[in-house]
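Colleague: Below, each chain spelled out in residue letters.
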Amino acid sequence: DQQVKQNSPSLSVQEGRISILNCDYTNSMFDYFLWYKKYPAEGPTFLISISSIKDKNEDGRFTVFLNKSAKHLSLHIVPSQPGDSAVYFCAASADFGNEKLTFGTGTRLTIIP
Amino acid sequence: DTGVSQDPRHKITKRGQNVTFRCDPISEHNRLYWYRQTLGQGPEFLTYFQNEAQLEKSRLLSDRFSAERPKGSFSTLEIQRTEQGDSAMYLCASTISGGFNSPLHFGNGTRLTVT
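Chains as they are written, first to last, in the numbering used here: chain A, 3 to 115; chain B, 826 to 940.
Hints listed in this document are in silico derivations from the structure and should not be mistaken for laboratory results. Idealized CB from N, CA, C, for every residue including glycine. Worth double-checking, as some hints may not be accurate.
Residues from chain B that keep clear of chain A, each with C-beta distances beyond 10 Å, as calculated [stated by the list, open to error]:
#: 1; residue: 829
#: 2; residue: 837
#: 3; residue: 847
#: 4; residue: 851
#: 5; residue: 867
#: 6; residue: 876
#: 7; residue: 885
#: 8; residue: 890
#: 9; residue: 891
#: 10; residue: 896
#: 11; residue: 909
#: 12; residue: 910
#: 13; residue: 911
#: 14; residue: 933
Cross-link-like lysine-lysine pairs, in silico, BS3-like; alpha carbons within 27 Å at most [to be verified]:
#: 15; chain 1: A; residue 1: 102; chain 2: A; residue 2: 70
#: 16; chain 1: B; residue 1: 882; chain 2: B; residue 2: 896
#: 17; chain 1: A; residue 1: 102; chain 2: B; residue 2: 836
#: 18; chain 1: A; residue 1: 102; chain 2: A; residue 2: 7
#: 19; chain 1: A; residue 1: 56; chain 2: A; residue 2: 102
#: 20; chain 1: A; residue 1: 7; chain 2: A; residue 2: 56
#: 21; chain 1: B; residue 1: 882; chain 2: A; residue 2: 7
#: 22; chain 1: A; residue 1: 73; chain 2: A; residue 2: 58
#: 23; chain 1: A; residue 1: 70; chain 2: A; residue 2: 7
#: 24; chain 1: B; residue 1: 839; chain 2: A; residue 2: 102
#: 25; chain 1: A; residue 1: 7; chain 2: A; residue 2: 73
#: 26; chain 1: A; residue 1: 102; chain 2: B; residue 2: 896
On the chain B side, residues computed to face chain A include the following (Cβ under 8 Å) [what the hints assert, rightly or not]:
#: 27; residue: 846
#: 28; residue: 858
#: 29; residue: 864
#: 30; residue: 877
#: 31; residue: 878
#: 32; residue: 882
#: 33; residue: 913
#: 34; residue: 920
#: 35; residue: 928
#: 36; residue: 929
#: 37; residue: 932
Only chain A is shown next, with the shape it has when bound in the complex (with noise of 0.2 Å):
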């Protein structure tokens, strides 16, 4: 049973435009939110949380957005920078403090120059 949900393997964005990056998630319990960037042979890198407290949250190029009742977050980056290539996944944990994280199954994003 897949909690957190990426339905699109890849995307591509032309740079200077949005990056919007989906997820869904189906554990109601979920209330702490995260986004992790992937480049090849390395370790996942934090990028930008939210808790279920808000439905936004920003961080220079970075935002987040979480809609509850759809059970639905985004990731948009703009403007998009050919750096941004890499997989993003989507984690969501349901005890605040506990990182114990739910991955979905990443997204991989190409930033076209």
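Position chain B against the provided structure of chain A, taking the given hints into account.
Modeller: Relative to the frame of chain A, chain B by itself:
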């Protein structure tokens, strides 16, 4: 470099052999996690430690797997009698417990290939 360190980066072993991986977390982090990632999947939780205590183990962690964190510093993950299905990337991560702004910091992983 003060990040999470994993050793070895790659391990090739024959089915039935035992293997051991090591993880050195960020020094001030008291929580240490092990995850496993197979091709096309996201990382899956295996087990975690707070200091030296192993607090939770996933059902994915069969009897052939054992993890330790003596003295609450580095950790080892041992797989006995390896099987081809054990082939995966084994990721270690660390963090400081209890904080909202304390995401997991991952190492670069150990890639295990069982032939």
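Colleague: Are the hints correct? Go through all of them and say.
Modeller: Structure-based check of all given hints:
no.: 1; hint: 829; in the structure: violated, 7 Å
no.: 2; hint: 837; in the structure: holds, 16 Å
no.: 3; hint: 847; in the structure: holds, 15 Å
no.: 4; hint: 851; in the structure: holds, 13 Å
no.: 5; hint: 867; in the structure: violated, 3 Å
no.: 6; hint: 876; in the structure: holds, 15 Å
no.: 7; hint: 885; in the structure: holds, 12 Å
no.: 8; hint: 890; in the structure: holds, 17 Å
no.: 9; hint: 891; in the structure: holds, 19 Å
no.: 10; hint: 896; in the structure: holds, 21 Å
no.: 11; hint: 909; in the structure: holds, 22 Å
no.: 12; hint: 910; in the structure: holds, 18 Å
no.: 13; hint: 911; in the structure: holds, 19 Å
no.: 14; hint: 933; in the structure: violated, 5 Å
no.: 15; hint: A:102 - A:70; in the structure: holds, 20 Å
no.: 16; hint: B:882 - B:896; in the structure: holds, 19 Å
no.: 17; hint: A:102 - B:836; in the structure: holds, 26 Å
no.: 18; hint: A:102 - A:7; in the structure: holds, 17 Å
no.: 19; hint: A:56 - A:102; in the structure: holds, 21 Å
no.: 20; hint: A:7 - A:56; in the structure: holds, 21 Å
no.: 21; hint: B:882 - A:7; in the structure: holds, 23 Å
no.: 22; hint: A:73 - A:58; in the structure: holds, 14 Å
no.: 23; hint: A:70 - A:7; in the structure: holds, 15 Å
no.: 24; hint: B:839 - A:102; in the structure: violated, 31 Å
no.: 25; hint: A:7 - A:73; in the structure: holds, 11 Å
no.: 26; hint: A:102 - B:896; in the structure: holds, 22 Å
no.: 27; hint: 846; in the structure: violated, 13 Å
no.: 28; hint: 858; in the structure: holds, 6 Å
no.: 29; hint: 864; in the structure: violated, 10 Å
no.: 30; hint: 877; in the structure: violated, 17 Å
no.: 31; hint: 878; in the structure: violated, 15 Å
no.: 32; hint: 882; in the structure: violated, 11 Å
no.: 33; hint: 913; in the structure: violated, 14 Å
no.: 34; hint: 920; in the structure: holds, 5 Å
no.: 35; hint: 928; in the structure: holds, 4 Å
no.: 36; hint: 929; in the structure: holds, 5 Å
no.: 37; hint: 932; in the structure: holds, 5 Å
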